[in-house]
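Chains as they are written, first to last, in our numbering: chain C, 1 to 183; chain H, 1 to 197.
These are calculated hints, taken from the structure and not from any lab test. Just to be clear, a hint being listed does not mean it is correct.
To be verified - Derived BS3-like pairs: lysine-lysine, alpha-carbon spacing no greater than 27 angstroms straight-line: (1) K181(H) / K87(C); (2) K87(C) / K108(C); (3) K162(H) / K181(H); (4) K181(H) / K71(H); (5) K71(H) / K9(H); (6) K90(H) / K78(C); (7) K90(H) / K80(C); (8) K72(C) / K181(H); (9) K40(H) / K90(H); (10) K162(H) / K180(C); (11) K180(C) / K181(H); (12) K71(H) / K194(H); (13) K180(C) / K90(H); (14) K180(C) / K40(H); (15) K25(C) / K80(C); (16) K180(C) / K80(C).
Stated by the list, open to error - Partial list, computed: chain C residues near chain H (C-beta under 10 angstroms): (17) Q5; (18) Q54; (19) G61; (20) T110; (21) A133; (22) N171; (23) F182.
Unchecked claim - Below, a sample of chain C positions facing chain H; criterion: calculated Cβ distance under 7 angstroms: (24) V91; (25) E175; (26) S179.
Virtual Cβ for every residue (Gly too), placed ideally from N, Cα, C.
Spelled out from the first residue to the last, the chains are:
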Amino acid sequence: MTNIQFVLSDDINRAVEASMGRYLKDSRASCVLLLSKSGHLISQAGFTSNFNVQSIAALIGGIFTSTQALAKIVDEEKFKVMFQEGKNWNVYFCLISDQFILATVFDKSTVVGMIRHAAGEAEREMSPVLARAIVADTDQAARDLSQEMDQAPAPAAGVPAPQEEALPDFNQAVEDALSKLFS
Amino acid sequence: MSLINYSSKEITCKIVYYGPGRCGKTTNLQYIYGKIPDAKRSSMVSLATEKDRTLFFDFLPLELGDIAGYKTRVQLYTVPGQVFYNSTRKLVLQGADGIVFVADSQVDLWQENTESLANLRDNLGILGMDISKVPLVMQYNKRDMPNIVSVAELDHALNFRKVPHYEAVATTGAGVFDTLKAISALVLQSLSAKYRR
Ligand SMILES: Nc1nc2c(ncn2[C@@H]2O[C@H](COP(=O)(O)OP(=O)(O)O)[C@@H](O)[C@H]2O)c(=O)[nH]1
Ligand SMILES: [Mg+2]
């Protein structure tokens, strides 16, 4: 299964946070969110405490991916940038490395040209760093890992992967976590 | 598509409730949302039409807290079930770490269930994912309705992988948490198998 996953190590995290901080300052935006196209929040900078950032990230992921579907229909490869203008607040979105979305919330204290310029810089900085966070074809990685560990043969196509029954240890942990959350 | 942050010790994973229109996917999330104590409640996002039908998706983030040393966050999504929303379904399905297939147990909905499962297989294929490998559980919902198919028959027709299945009445919450627990555990297990550290 080729399903992209993101793994953030210490150094990737530090580099992304540094770039986000610089971008926030250079653009003079109020807050900046970096997320994956599937709606996972990766990093945030600036004034975000009043917002429910997880939900914002999920919605932005939805907006952006539907915009890309629209691009395909009108025969554009992709829309790289999107801009939403409100009375007090504006949001500027741009795609980074095809997998990430940089969403910038700003008010009258800056202008979209400045955001656009600073976002270009931020993209140049972050693209190579973020590329290292992408782990594609995880099944291959998992097979390599299991072969290293116990020389187990790779499961034949169509046969359920052994992990589904083999490791029951998370059941109790999830059970405990859920009963804690819901009490 | 999970997000694993080794430095802040956080894991975020995405679980998608899939199934035909009106089978009870949104009701599952609403029931779960309703059971979160006020103090811990954030928000559930529902993009619906005026007729209460899911237009784009429902979204419910759950903070499970510490599991195996990681701050674990599970994000629940539902897809719109109606046939004509297929492009939206693909968007929501993108990056799913686990899937709950919700079937409507009513006799009249037999065909909708099998079509939706075939559609899931197709959409996963387009996204480069394999329905025979993705963490999956089945939920046979609306067990309270009068004219329903037996669990054995549903299982025979839909559960080709013999994954865990649960009977449910989403409106009263029966089976809802068992389903959630099972898929969460499967997803975390498969992630840990992939990223042992
Ligand atoms: N009797 C009964 N009704 C249900 C059950 N689950 C959902 N419903 C109802 O079925 C309708 C569609 O449910 P909804 O969650 O919106 O379906 P979705 O399209 O899959 O999101 C709603 O009126 C629900 O109240 C159930 O287990 N039993
Ligand atoms: Mg719905």
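These are the hints, each one checked on the structure:
At most 27 angstroms may separate the alpha-carbon atoms for a hinted pair to count; K181(H) and K87(C) exceed this at roughly 44 angstroms. Taken as a hint, the K87(C) and K108(C) pair is honoured in the structure, with Cα atoms around 9 angstroms apart against an allowance of 27 angstroms. Restraint check for K162(H) and K181(H): the C-alpha separation of about 17 angstroms stays at or below 27 angstroms, so the hint holds. Our distance criterion of 27 angstroms between C-alpha atoms is met by K181(H) and K71(H), whose separation comes to about 17 angstroms.
Between K71(H) and K9(H) the CA atoms are separated by roughly 6 angstroms; this keeps the pair inside 27 angstroms, and the hint holds. Restraint check for K90(H) and K78(C): satisfied, since their Cα atoms lie roughly 17 angstroms apart, inside the 27 angstroms limit. A C-alpha spacing of about 20 angstroms is found between K90(H) and K80(C), which places the hinted pair at or below 27 angstroms, so the restraint holds. Taking the CA atoms of K72(C) and K181(H), the gap is about 38 angstroms. The hint is violated against a cut of 27 angstroms.
For the suggested pair K40(H) and K90(H), the alpha carbons sit about 31 angstroms apart, so the restraint of at most 27 angstroms is broken. Pair hint K162(H) plus K180(C) does not hold up; C-alpha atoms about 30 angstroms apart against a cutoff of 27 angstroms. Restraint check for K180(C) and K181(H): the C-alpha separation of about 13 angstroms stays at or below 27 angstroms, so the hint holds. Pair hint K71(H) plus K194(H) holds up; C-alpha atoms about 18 angstroms apart against a cutoff of 27 angstroms.
A C-alpha spacing of about 33 angstroms is found between K180(C) and K90(H), which places the hinted pair above 27 angstroms, so the restraint is violated. At most 27 angstroms may separate the alpha-carbon atoms for a hinted pair to count; K180(C) and K40(H) meet this at roughly 11 angstroms. Simply put, K25(C) and K80(C) have alpha-carbon atoms about 22 angstroms apart, close enough for the 27 angstroms limit, and the pair holds. For the hint linking K180(C) to K80(C), the alpha-carbon distance of about 42 angstroms lies beyond 27 angstroms, and the restraint is violated.
Because the beta carbon of Q5(C) sits about 5 angstroms from the nearest beta carbon in chain H, less than 10 angstroms, this interface hint is met. Taking 10 angstroms as the C-beta cut-off, the interface hint given for Q54(C) holds, the closest approach to chain H being about 4 angstroms. Satisfaction of the interface hint for G61(C) is found here, the shortest Cβ-Cβ separation to chain H being roughly 9 angstroms, below the 10 angstroms cut-off. At about 28 angstroms, the closest approach between the beta carbon of T110(C) and any beta carbon in chain H exceeds 10 angstroms, and the interface hint on this residue is violated.
The interface hint given for A133(C) is met, as the beta carbon of that residue sits about 9 angstroms from the closest beta carbon of chain H, less than 10 angstroms. Checking N171(C) against chain H by beta carbon gives a least distance of about 5 angstroms; that is within 10 angstroms, so the hint holds. This hint holds: F182(C) has a C-beta 5 angstroms from the nearest C-beta of chain H, less than the 10 angstroms allowed. Checking V91(C) against chain H: minimum C-beta separation of about 17 angstroms lies over 7 angstroms; hint violated.
Annotation: interface hint on E175(C) holds; nearest CB of chain H at approximately 6 angstroms, less than 7 angstroms. The closest approach between the C-beta of S179(C) and any C-beta of chain H is roughly 9 angstroms, which is over the 7 angstroms cut-off, so the hint fails.
The earlier numbered hints that this structure contradicts are 1, 8, 9, 10, 13, 16, 20, 24, 26.
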